[in-house]
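Top line first, the protein sequences correspond to chains A and B.
Just so you know, we're using the UniProt record's numbering here: the first sequence kicks off at 1 and counts up by one.
Just so you know, we're using the UniProt record's numbering here: the second sequence kicks off at 1 and counts up by one.
It should be emphasised that the hints constitute simulated quantities derived from the structure, not laboratory data.
Honestly, I wouldn't trust all of these hints.
In silico DSBU-like pairs for lysine-lysine, Cα to Cα no more than 35 Å straight-line [unchecked claim]:
no.	chain 1	residue 1	chain 2	residue 2
1	A	Lys291	A	Lys237
2	A	Lys87	B	Lys78
3	B	Lys78	B	Lys229
4	A	Lys87	B	Lys229
5	A	Lys237	A	Lys87
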Amino acid sequence: MPNMRDTFLATAEEIVNTDQDVAIVLADISAAALAEAARRHPDRVINVGIREQLLVSTAAGLALAGLRPIVHTFNAFLVERAFEQIKLDLSHQELGAVLVSYGASYDMPMEGRTHQAPGDVALIDSLPGWYVHVPGHPEEARRLLLDSVPGDSRTYLRLSAQENSEPHLGVGLQTIRQGTRGAVIAVGPMLDRVLEAAEGMDVTVLYTSTVRPFDAEGLRAAVPGVADVALVEPYLKGTSAHCVADALADRPHRLLNLGTRRDAEVRIYGTLADHDLVHGLDAGSIALSLKEFFTG
Amino acid sequence: MTTTTHEPGYADLPRLISLMTGDDKHHAAAESTVDVLWVLFDRVLDLGPETARRPGRDRFLLSKGHGPMAYYAVLVAKGWLDEDELAGWSSARSRLGHHPDRVRAPGVEISSGSLGHGLPIAVGAALGLRARRFRSRIVTLVGDAELDEGSNHEAIAVAARLGLGTLTTVVVDNQSSTHGWPGGIARRFETEGWAVRTVSGRDHEALYDAFTTPHPGRPLAVVAVVEPKGAH
Numbered sequence: 001m002p003n004m005r006d007t008f009l010a011t012a013e014e015i016v017n018t019d020q021d022v023a024i025v026l027a028d029i030s031a032a033a034l035a036e037a038a039r040r041h042p043d044r045v046i047n048v049g050i051r052e053q054l055l056v057s058t059a060a061g062l063a064l065a066g067l068r069p070i071v072h073t074f075n076a077f078l079v080e081r082a083f084e085q086i087k088l089d090l091s092h093q094e095l096g097a098v099l100v101s102y103g104a105s106y107d108m109p110m111e112g113r114t115h116q117a118p119g120d121v122a123l124i125d126s127l128p129g130w131y132v133h134v135p136g137h138p139e140e141a142r143r144l145l146l147d148s149v150p151g152d153s154r155t156y157l158r159l160s161a162q163e164n165s166e167p168h169l170g171v172g173l174q175t176i177r178q179g180t181r182g183a184v185i186a187v188g189p190m191l192d193r194v195l196e197a198a199e200g201m202d203v204t205v206l207y208t209s210t211v212r213p214f215d216a217e218g219l220r221a222a223v224p225g226v227a228d229v230a231l232v233e234p235y236l237k238g239t240s241a242h243c244v245a246d247a248l249a250d251r252p253h254r255l256l257n258l259g260t261r262r263d264a265e266v267r268i269y270g271t272l273a274d275h276d277l278v279h280g281l282d283a284g285s286i287a288l289s290l291k292e293f294f295t296g
Numbered sequence: 001m002t003t004t005t006h007e008p009g010y011a012d013l014p015r016l017i018s019l020m021t022g023d024d025k026h027h028a029a030a031e032s033t034v035d036v037l038w039v040l041f042d043r044v045l046d047l048g049p050e051t052a053r054r055p056g057r058d059r060f061l062l063s064k065g066h067g068p069m070a071y072y073a074v075l076v077a078k079g080w081l082d083e084d085e086l087a088g089w090s091s092a093r094s095r096l097g098h099h100p101d102r103v104r105a106p107g108v109e110i111s112s113g114s115l116g117h118g119l120p121i122a123v124g125a126a127l128g129l130r131a132r133r134f135r136s137r138i139v140t141l142v143g144d145a146e147l148d149e150g151s152n153h154e155a156i157a158v159a160a161r162l163g164l165g166t167l168t169t170v171v172v173d174n175q176s177s178t179h180g181w182p183g184g185i186a187r188r189f190e191t192e193g194w195a196v197r198t199v200s201g202r203d204h205e206a207l208y209d210a211f212t213t214p215h216p217g218r219p220l221a222v223v224a225v226v227e228p229k230g231a232h
């Protein structure tokens, strides 16, 4: 199966070929892959060049005119560079769009810090009402995109080079494994390594590809007794901690947050595996963290 | 006995503005746009409260959202807002603030305040209305100092390349940009392929002609020159 990014591009092309109210807006990134779609639909497949502020504002204008925009580039440029446009031109105007990023926290490790945006979900989380999807498999990415296009939601779909071996197409927190000692929440591409890390431990493993809205009811149902929760997110550590805290506000609980580091600017190049290690997000590091937390 | 209903006109605007400013001392930012707004809403745009939701309506995007008194006054004159709302503007009870909010105030096509957003959104609206086969006109109003924001230049460069002939940017030029524009604002737009007209921002006939003379296939920039800021 093609990776998430190629799957997204093929699915977006299908959508724009079928639905004449959908537009795709690009800022050079991935434009070559959608050249044929742009030739067929010059008014609805728009490449604004390397202009990310205009990328997002154009989407807002398209929505104002009644179209459904799909907006795509690397997350460092889509969310961080154009954040005021996301905040004002989409959220504040109450205009809908489906933002689809590629790059995740360190999908392009050799490109360095300028191409890394582990804070993207936290930034979107500062705005009310957004759907945030973090698929863990190309089939999930396809399904989440197809589900996001109808209506006029504001949706952020975060694609990654990292993926799990199997898709999980359910909604909310899905129970992958049952245990009694507490629960580990694996977000998107973190699932396979969490399952490996939790091997032999008496814990429930929950999976989600949707972090906003957060499935508070699902979490409450999954940890009826001992509310020990480990949250493993592939972006800034603790991004969803406030959601877990709110969900369990009326019962004593402990929370372990795993995610990309907040305490240091990671300046290494190297591979995905090198970055997993630096952030403690490889299976071995996660196993150590879980053991200490659940047996401590 | 007959009753005549008075339909407010241009002559009523100073009185309506003074309901917000408290006396006849008009705020420069409000005054600079009043003639441009009046000509657009009175004679140029196919736009009104009766057709507010018509998909093919013309669009007016006030990008320069600060000093919206003239805008609110024109919206009252054209029946979008009630005159009684003006006196209490900017209070917690009012839907009219120092920057307009599209979700709250009728007739307000975009919420503005932070500069450099109206023109880029207008580019998207022009693309969207073209894709939907509407011939609607999209007019956005910016200030000359607002052009300092780089986001405008992303939009200026792309609009003409994409042939957005339904798009008009009116630049109310009160010479308040800190560093200005070499060769003038008009040249900045011309270089990028826009049709450009520079007129007095106080001359209604000249403004009307500038807005309505055809400019096929190219976006239009109207530079409406008014008194320098602070010269009142």
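Take the C-alpha atoms of Lys237 (chain A) and Lys87 (chain A), compute the straight-line distance between them, and say whether it is at most 35 Å.
23 Å, holds
Given the hint that Lys87 (chain A) pairs with Lys78 (chain B), does the C-alpha gap stay at or below 35 Å?
At roughly 31 Å apart (the allowed maximum being 35 Å), Lys78 (chain B) and Lys87 (chain A) satisfy the hint.
Does the alpha-carbon distance linking Lys87 (chain A) and Lys229 (chain B) stay inside the 35 Å limit?
31 Å, holds
Given the hint that Lys291 (chain A) pairs with Lys237 (chain A), does the C-alpha gap stay at or below 35 Å?
Cα-Cα ~18 Å, so holds.
Is it true that the CA of Lys78 (chain B) sits at most 35 Å from the CA of Lys229 (chain B)?
27 Å, holds
When held up to the earlier numbered hints, the structure conflicts with none and fits them all.
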